[in-house]
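Spelled out, the chains give:
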Amino acid sequence: MQVNDLLEANVRIRDLKKDRVNFVLENVDLSFANSLRRVMMADIPTVAIDMVEFETNTTALPDEFIAHRLGMIPLVSANCDEAIRYSRDCTCLESCQNCSIELVLNVACNENRTMEINSNHLDVVARGGYGWREEVDDGEEIARRSENFGHPVGKSDPSAPPILICKIRKGQELRVRCIAKKGIAKEHAKWSPCSAVSFEYDPHNRLRHTTYWHETDIKKEWPLSANAEEEEPQRDDELFDYNAQPQKFYLEVETDGSLGPQEVVMKGLTELQTKLANLVLGLKSDPNELDALGGDGGAHLPPANGTATAQAAPRAASAAAAGWGQGQEAASGPGWGGTAGTPGVGDRSGSNSGWGTSPPAGGGTAWGGSSASAGPGASPSAGGWGANATSSAWGAAGSGWGTGSPARNTGWSSPTSQQQTQSGWNV
Amino acid sequence: MNASNAPNRYELFVLDEGEKPVEVTEDTKIPNAATIKVVKQDHTLANMIRGQLHAMPQVLFAGYKVPHPLQPYFLVKIQTDGTITPTAALEQACTKLIGTLSSLEAKFKREFSFKDVEGVTTEDAYGSSTAGPAWTSRRDYMDF
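Protein chains in written order, with the numbering used here: chain P, 1037 to 1463; chain D, 3 to 146.
Keep in mind the hints are simulated off the structure, nothing from the lab.
Treat the hints loosely; a few may be bogus.
[As the list claims (entries may be wrong)] From chain D, some residues computed to sit far from chain P (all C-beta separations above 12 Å):
# : residue
1 : S6
2 : N7
3 : T85
[What the hints assert, rightly or not] Covered stretches of chain P (chain D as the covering partner; in silico rule of three or more C-beta atoms under 8 Å from a C-beta of chain D):
# : segment
4 : 1045-1056
5 : 1074-1082
6 : 1213-1227
7 : 1298-1307
[Stated by the list, open to error] Beyond 12 Å from chain D on every Cβ pair, some chain P residues (computed):
#  : residue
8  : F1090
9  : C1132
10 : Q1133
11 : L1243
12 : R1244
13 : D1253
14 : P1259
15 : E1267
16 : L1275
All values derive from a computational prediction rather than experimental measurement.
Even for Gly, the Cβ is constructed at its ideal location relative to N, Cα and C.
One chain only, chain D, in its complex shape (with noise of 0.2 Å):
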């Protein structure tokens, strides 16, 4: 079916079979630093723990780069002031990060459902278009 050698674009982001998710090196001349590579995931993921690493006193240096655009991976490159490993720092980040996304789901959670309640359809978002172009201000909504 597929006549050329191509590569399916699927392999971009999913993980081939048995394929590690991340790979962790040490840095030899620095103290307390890692790189760790994460295949399979780009600037969405990375720069949003770059962002929370930094936000952790702990943690010296936190950078990211995605060396070639055409190859899925990115490197994450750690320092910690040796109270924490790099890899424990990362760790950290993606838990509060987790947790921060989750209670900002239930925030959104509650938010849709205050405009459902106020009898706007959201289920069938498919059905006549009375959409209008812009939104209007806070009209209807109540803050509480």
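Chain P extracted, bound-state conformation (with noise of 0.2 Å):
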């Protein structure tokens, strides 16, 4: 990790097609790539088919059959940021233009044969279609977007095959209209701007992060993977570096359509930073930093100092979400304006309850506690805190690829010798 420290970290990237891009980072931290990869698959919007009405379904496929397969279908999400507003954070009731894009189905089979309902059958509704909703004036995102914005992608390529949505016969039809939204693959993976993210370090297994199943042979049974030749491999006679990090990284990312990899790439590095800033934000603003709220608190502050007199006391008495976490850690105490940065012990021993709610079964106290034998060093309470799985829930599966670091780290990357490191915590 000090070696990552001192060089700078780098680039260089091996190719690039319209739906993909190939790249190898180098002199970052595993966790740093891995936290990439996430970011890009998980935190990018895109614009995805949200609700269905159907008016008419004859077809073999139920309606809920059919609403699931228009939402999987990739639409252009060109400039997403700007070109279209979450509904939440919209001003209409529901949806309107600036926050939403209408596409209509309209399908009939009246000939003796089998016919096929695929993505380009899908027309998005030009403005007038609003006529029936609720007036909403036009946001700038409109004059944003795109020629093609919304449209599933690929409709006007004749040498993109559409995407099969249903087959029907004679005197069936689909007339559905749908509702395309805004939204992040968090919430549902619809909204993946990525197919795939391919993710591998160490080819040549010198920092056995993984253990290779084999016969005999190792070296006969796995074959190297395409990355190998950017590495040396292992001298039979060379020890173990236990100390040794991955340096490199070899990513794929491949895009549905719905973005360009450098969009995706680019968005992942600034949403990054987006969260990062976001964090030292709330630092710096954080009561215990500053005893009063300056002008320092930034944009939303102010509102929350508005509320916060108001909202503690029934908060932490219906035991509700977090919400302002001091006024429940103290019970009804002073809430998050006490001017001493250190709560007192008997604050802490009633935040206990607070501290149980978290963990699954058996988490238990932990390091929160109050009681007498937690020194320093003590390891945390064993079971329930075991994290690490989440984290490769994400990672497509198969040795080495897109496995979630943190499981890998623990036991060897302490940066001191303290004692604490095989306690569930990601150290």
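Dock the two chains into a complex; use the hints.
Below you can see the structure in the form of structure tokens.
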């Protein structure tokens, strides 16, 4: 890790295609590379069909089935940040031209043959289609849309095969109205701009982050990946360097066409910076740091301050969701406004209930407890905190590919000789 | 419209009105230690911060956990050697990461512009599919 610190992060694009980019990331930490991968898959907004109204469906497939299939169709979402609002941020009640795209599908089969309904049959309704709805003024978003914004990917391209939605026979008909909205893949995977992200490091397994199952000879039974030629193979007499850190990461980002690969990568980097910046801002405006709520607090503080006094008491009493955390901690205490940074011991013990709500079964006390035996370095309770596993959820299956890095690190990456490593904390 | 009483899914990643993004709790038993709760964020942010904190010599301990997968927050526990507060350490780590990210962003931009010059269209990502299956080594890449 120290080594990573000295060298500057670097990137080399090996290949760029219409729908994919292949690059090598160097001199960054494993956790950093993994965060980039995760953010590209889960945090970049696109548009996708979110609501479907069925007028007629005499096909063999039930409504829900078709609605789900429609949702998965990638729609052109270029410049999504500026071209459309989130519905939750919009002033309209349900949907309007500023926060949604309307598409219709109207297909009937009148010939004596099987007919395919595909994504090219989806038509974006011109803005006149909103006439029956509440009147909403055009936002600035409308002007920022490209011509084919919200259209199914590949509709204008005869060489791209369309996506099959349903097959119908003579006399069957499908007539639906779809509302596409902006969202991110954390909410539903249909909003992910990526169809696949491959992630590999250490192709020769010098770091022994993986164990190969084998009959007799690992080298014969496990062919090297294409990335192996980028790195030196391990000599047979080479000793295992247990301090080594992965340095080079091989990524390929494949998009579904809703966004271009360049946009996905750049937005991913921006999104990570936004997350970090918001955290720094939150730290700076923390009452523990600043006694007075100065102008430093940024845009979100003043309203927070206004509601705080009114809400602190009822929230703490009803043990509702965290909200004003400090208020919860000290029961009906002074809320966040307490001057001293450290809550008293009495407050701490009162906060146990706060901790108790969160862990899964067996999580129990952990370090937050006020039990006297919890000295420095005492290992937190073992069970229950095993949050490591979740990080692999996003990673594609298969050894060495995209599995979550946290699990890998435990045990040997602790920066000091502290004895606290094996405790479910991702140190 | 929404007939069920299920909470909105976006509540997993959007702060409630007036909700504070971070909450710092200083440790009462361990010197120079604090637990910082960051809400509406997940492993993406937490693990990256943890990794960066490990690279700082002032930090004796840094670890994070997501106590429950259904509850959208994580906790970072930081202990420092006393030359710097845990909060300041976290802030430094974040600033450092932002720096790395923006330098990487510039490098990405440069690399992408190379590819544009070499005639690969990236603007129209939705056009004809000439996309072959795999990347072809570094044939068309020019390192300067």
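Q1133(P) remote from chain D - nearest C-beta pair above 12 Å: Given a closest Cβ separation of 18 Å, the condition holds.
In terms of beta carbon proximity below 8 Å, does the segment 1298-1307 of chain P have 3 or more residues touching chain D? The restraint on the segment 1298-1307 of chain P holds, since 6 of its residues have a Cβ under 8 Å from chain D and three suffice.
Can we trust that D1253(P) is non-interface, i.e. its beta-carbon lies farther than 12 Å from all of chain D? At about 27 Å from chain D, D1253(P) clears the 12 Å cut-off, so the statement holds.
Please settle this one: P1259(P) was flagged as non-interface, so is its CB more than 12 Å from every CB on chain D? holds (15 Å)
Run the C-beta distances from F1090(P) to all of chain D and say if the shortest one exceeds 12 Å. holds (15 Å)
Test the statement that E1267(P) is away from the interface with chain D: the closest C-beta pair must be farther apart than 12 Å. holds (15 Å)
Evaluate the condition: distance from the CB of L1275(P) to the nearest CB of chain D exceeds 12 Å. Answer for L1275(P): holds, closest chain D Cβ roughly 24 Å.
Counting residues of the segment 1045-1056 of chain P that have a beta-carbon nearer than 8 Å to any beta-carbon of chain D, does the count reach 3? Since 12 is at least three, the answer is holds.
Status of R1244(P), Cβ more than 12 Å from any chain D Cβ: holds (19 Å)
Measuring Cβ to Cβ, find out whether C1132(P) lies farther than 12 Å from everything in chain D. Per Cβ check, C1132(P) is outside 12 Å of chain D; nearest 14 Å; holds.
Run the C-beta distances from S6(D) to all of chain P and say if the shortest one exceeds 12 Å. holds (15 Å)
Establish whether the coverage given for the segment 1074-1082 of chain P by chain D is satisfied; the threshold is a Cβ-Cβ distance below 8 Å, and no fewer than three residues must meet it. holds (count 4)
When the structure is compared with the earlier hints, no violation turns up for any of them.
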